[in-house]
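Student: Residue-level listing of the chains:
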Amino acid sequence: GESVGLHLPTLSVQEGDNSIINCAYSNSASDYFIWYKQESGKGPQFIIDIRSNMDKRQGQRVTVLLNKTVKHLSLQIAATQPGDSAVYFCAEAGTALIFGKGTTLSVSS
Amino acid sequence: EAQVTQNPRYLITVTGKKLTVTCSQNMNHEYMSWYRQDPGLGLRQIYYSMNVEVTDKGDVPEGYKVSRKEKRNFPLILESPSPNQTSLYFCASSWDSLNSPLHFGNGTRLTVT
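Those protein sequence lines, which keep their order, are chains A and B. Per the working numbering: the first sequence = residues 1 to 109. Per the working numbering: the second sequence = residues 1 to 113.
Isolated chain A, as found in the complex (with noise of 0.2 Å):
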């Protein structure tokens, strides 16, 4: 079945290093993407999207690349703070969304 999941459940970075995490997506048909972030005791957070006609957006901090020909979608957070420690996942539409079950990211200072 279709299937949204990370590469690694952990990443630990230290504070001001940059954060790559990794996502990997079944559905070929899905054009649009999304990137949460969830810390403890609260709910996910929308921090950035992308569309399938593009292969990278910026934010604030934040990168999303888009890989459609490995079906692979990456977030790299620059200069990693320790409020960044959070549950981070992706979710992907097309017919129907579909959430990773999540990377959890620890920076430690």
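It is worth saying that the hints were derived from the structure and are not from the lab. You may find that some hints are simply not true.
35 Å max Cα-Cα, derived DSBU-like pairs, lysine-lysine [what the hints assert, rightly or not]:
{"id": "1", "chain 1": "A", "residue 1": "LYS71", "chain 2": "A", "residue 2": "LYS42"}
{"id": "2", "chain 1": "B", "residue 1": "LYS17", "chain 2": "A", "residue 2": "LYS101"}
{"id": "3", "chain 1": "A", "residue 1": "LYS42", "chain 2": "A", "residue 2": "LYS101"}
{"id": "4", "chain 1": "B", "residue 1": "LYS57", "chain 2": "B", "residue 2": "LYS69"}
{"id": "5", "chain 1": "A", "residue 1": "LYS56", "chain 2": "A", "residue 2": "LYS68"}
{"id": "6", "chain 1": "A", "residue 1": "LYS101", "chain 2": "B", "residue 2": "LYS65"}
{"id": "7", "chain 1": "B", "residue 1": "LYS71", "chain 2": "B", "residue 2": "LYS17"}
{"id": "8", "chain 1": "A", "residue 1": "LYS71", "chain 2": "A", "residue 2": "LYS101"}
{"id": "9", "chain 1": "A", "residue 1": "LYS101", "chain 2": "A", "residue 2": "LYS56"}
{"id": "10", "chain 1": "B", "residue 1": "LYS17", "chain 2": "B", "residue 2": "LYS69"}
{"id": "11", "chain 1": "A", "residue 1": "LYS42", "chain 2": "B", "residue 2": "LYS18"}
{"id": "12", "chain 1": "B", "residue 1": "LYS65", "chain 2": "B", "residue 2": "LYS17"}
{"id": "13", "chain 1": "B", "residue 1": "LYS71", "chain 2": "B", "residue 2": "LYS18"}
{"id": "14", "chain 1": "B", "residue 1": "LYS71", "chain 2": "A", "residue 2": "LYS42"}
{"id": "15", "chain 1": "A", "residue 1": "LYS71", "chain 2": "B", "residue 2": "LYS18"}
{"id": "16", "chain 1": "B", "residue 1": "LYS57", "chain 2": "B", "residue 2": "LYS18"}
{"id": "17", "chain 1": "A", "residue 1": "LYS101", "chain 2": "A", "residue 2": "LYS68"}
{"id": "18", "chain 1": "A", "residue 1": "LYS68", "chain 2": "B", "residue 2": "LYS17"}
{"id": "19", "chain 1": "A", "residue 1": "LYS71", "chain 2": "B", "residue 2": "LYS57"}
{"id": "20", "chain 1": "B", "residue 1": "LYS69", "chain 2": "A", "residue 2": "LYS101"}
{"id": "21", "chain 1": "B", "residue 1": "LYS18", "chain 2": "B", "residue 2": "LYS65"}
{"id": "22", "chain 1": "A", "residue 1": "LYS56", "chain 2": "A", "residue 2": "LYS71"}
{"id": "23", "chain 1": "A", "residue 1": "LYS68", "chain 2": "A", "residue 2": "LYS42"}
{"id": "24", "chain 1": "B", "residue 1": "LYS17", "chain 2": "A", "residue 2": "LYS42"}
{"id": "25", "chain 1": "A", "residue 1": "LYS42", "chain 2": "B", "residue 2": "LYS57"}
{"id": "26", "chain 1": "A", "residue 1": "LYS101", "chain 2": "B", "residue 2": "LYS57"}
{"id": "27", "chain 1": "B", "residue 1": "LYS69", "chain 2": "B", "residue 2": "LYS18"}
{"id": "28", "chain 1": "A", "residue 1": "LYS42", "chain 2": "A", "residue 2": "LYS56"}
{"id": "29", "chain 1": "A", "residue 1": "LYS101", "chain 2": "B", "residue 2": "LYS71"}
{"id": "30", "chain 1": "B", "residue 1": "LYS17", "chain 2": "B", "residue 2": "LYS57"}
{"id": "31", "chain 1": "A", "residue 1": "LYS42", "chain 2": "B", "residue 2": "LYS65"}
{"id": "32", "chain 1": "B", "residue 1": "LYS71", "chain 2": "B", "residue 2": "LYS57"}
{"id": "33", "chain 1": "A", "residue 1": "LYS68", "chain 2": "B", "residue 2": "LYS57"}
Here are some chain A residues pointing at chain B (derived, C-beta under 10 Å) [unchecked claim]:
{"id": "34", "residue": "GLY41"}
{"id": "35", "residue": "LYS42"}
{"id": "36", "residue": "ARG51"}
{"id": "37", "residue": "PHE89"}
{"id": "38", "residue": "ALA93"}
Note that CB positions come from ideal geometry on N, CA and C, so glycine has one too.
Since chain A is already given, all that's left is putting chain B on it; use the hints.
Tutor: Below, chain B without anything else, positioned relative to chain A:
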């Protein structure tokens, strides 16, 4: 402030005692949805609503009911809760679930003993 508000945040109940978790959004969104989040299983959709008086089953609807009498409210009803419904529940809303991001509430942690 644009937000999705769920109540209560925490709820402990016993098997079979009917309960309702409320959800309200102030963004005039047409689409609303309920999810449960369990360790290792991620977010799973329970029910969703494309508009007032329109509701549909998601992936795990058994044991749940919803209603959408007003655009802003989308309560989740457990007529006879069971321990396997112990979970973290999220309500979410958006303009269009497949073309705009979801706005989530802060969750309701339900324990059924």
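Student: Report the numbers of all earlier hints that the structure fails to satisfy, in ascending order.
Tutor: When the structure is compared with the hints, numbers 15 and 18 turn out to be violated.
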